[in-house]
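This is what each chain is made of:
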Amino acid sequence: MNNTWKVINEAGLHFFGKMNASISHEIKNVLAIINENAGLLEDLSGMADQDVPVDPARLKSIAGKIQQQVHRADVIVKNMNILAHSIDEQVKKVDPGELLVFMATLSKRLASMKGISFEPVMSENSPEIVTNPFLLETMLWRCLEFVMKAAGAEKTIEVSVQPNGQGIDINFTGLKVFGEKQSPSFPGEAEHALAGALGAKIAFNAEAEKIILSLPLKMQAAEPSG
Amino acid sequence: MRVLLIDDEKELVSTLAERLSFRGIEADWVCSGKEALKKIEEKIYDVAVVDIKMPKIGGIQLKRMIADKYPDMKFIFMTGHGSEEDFRVGSEEAGEQFYLVKPVAIEELVKKMKQALDG
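Taken in sequence, the protein lines are chains P and R. The first sequence begins at 1 in our numbering and counts up one residue at a time. The second sequence begins at 1001 in our numbering and counts up one residue at a time.
Covered stretches of chain P (in silico footprint by chain R; criterion: 3 or more residues with CB under 8 angstroms from a CB of chain R, positions within the stretch not fixed):
1) 29-35
2) 39-47
3) 110-119
As a list, the in silico EDC-like pairs of lysine to aspartate or glutamate whose alpha-carbon atoms are at most 16 angstroms apart:
4) K1043/R with E1026/R
5) K1111/R with D1046/R
6) K1043/R with D1028/R
7) K28/P with D1008/R
8) K1056/R with E154/P
9) K1063/R with E1093/R
10) K218/P with D95/P
11) K1039/R with E1026/R
12) K1010/R with D1028/R
13) K28/P with E1011/R
14) K1069/R with E1041/R
15) K176/P with E158/P
16) K1043/R with D1072/R
17) K18/P with E1085/R
18) K210/P with D169/P
19) K65/P with E1018/R
20) K1069/R with D1046/R
21) K65/P with E1011/R
22) K18/P with E1084/R
23) K218/P with E128/P
24) K108/P with D1008/R
25) K114/P with D1008/R
Every beta carbon over 10 angstroms from chain P, so not counted as near; a handful from chain R, in silico:
26) L1037
27) I1044
28) S1091
I should point out that these hints are in silico values taken from the structure, not numbers from a laboratory. These figures come from a predicted structure and were not determined experimentally. Ideal Cβ positions, reconstructed from N, Cα and C, are used throughout, including at glycine.
Bound-form chain P, shown alone (with noise of 0.2 angstroms):
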């Protein structure tokens, strides 16, 4: 294995990681609601066996807020499988404002912690792509993470997918102003040994304080140089 696909594994790695502990994270949150639930039943079951009167709307509820969980954790669960998944196949066709949309809810919660939101904007006569899923989105996290920390005072990215001619370009926009002692090392070794793979170019433009990755039609199966 070369330098270069060793960058690229571990940022996947990396990736694939803090999706995990996210994920993870956000289902221990539902298991705790279920279970104070769940518990607050028993608590007026107890009631009621001592001949204290339970409001029978009060138990539909609380199985109304177990459902709701239920139905969270489902979803969940099912990003989480999409995620699994998107390792199975190393070129496929994808639209990458559906995977743009899925990248910005499996990040929501990590950014929501940075106080920041994201707001996917489709273009509707964006093209389908042909590329390695999870590689774009190693990709599509490396620039969101770096986005969390430089937003600007607006905490809002707006993220959007816009035809370019030659594929698409995906835009990261609301950063704040850098001066030129700040600069960020954005892009890095593993975003620029990323975009090698992918057949991508990444810009982070400063002064009109966004990033924008653009992204041939078809990728060209080819190792990266390093």
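With the hints as your guide, set chain R onto chain P.
For chain R alone, kept in the frame of chain P given last:
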């Protein structure tokens, strides 16, 4: 015992507060560090049960912000995360026995609250 529950999961803290009331414990709840800071200004609490991971102001940061002003207030940390780093920091701040991983059994939580006050 006056308790403040702080967690960004509203359904968790509201239900927990109700269950504590059945056990004779007066518990208020809020869903952010910012709301907690306001609540603490309004009322004196003996124990704060705080989620470590919350948007903007996490549990550890909250404790560091108020510990000097309210030295008698005891802290119990809850987390769904359970990473080694969280455990290390949480244990350093509140003591290993006052670091709980969700889901938490209510009788265990009540026991920890009493221990915190006795200690």
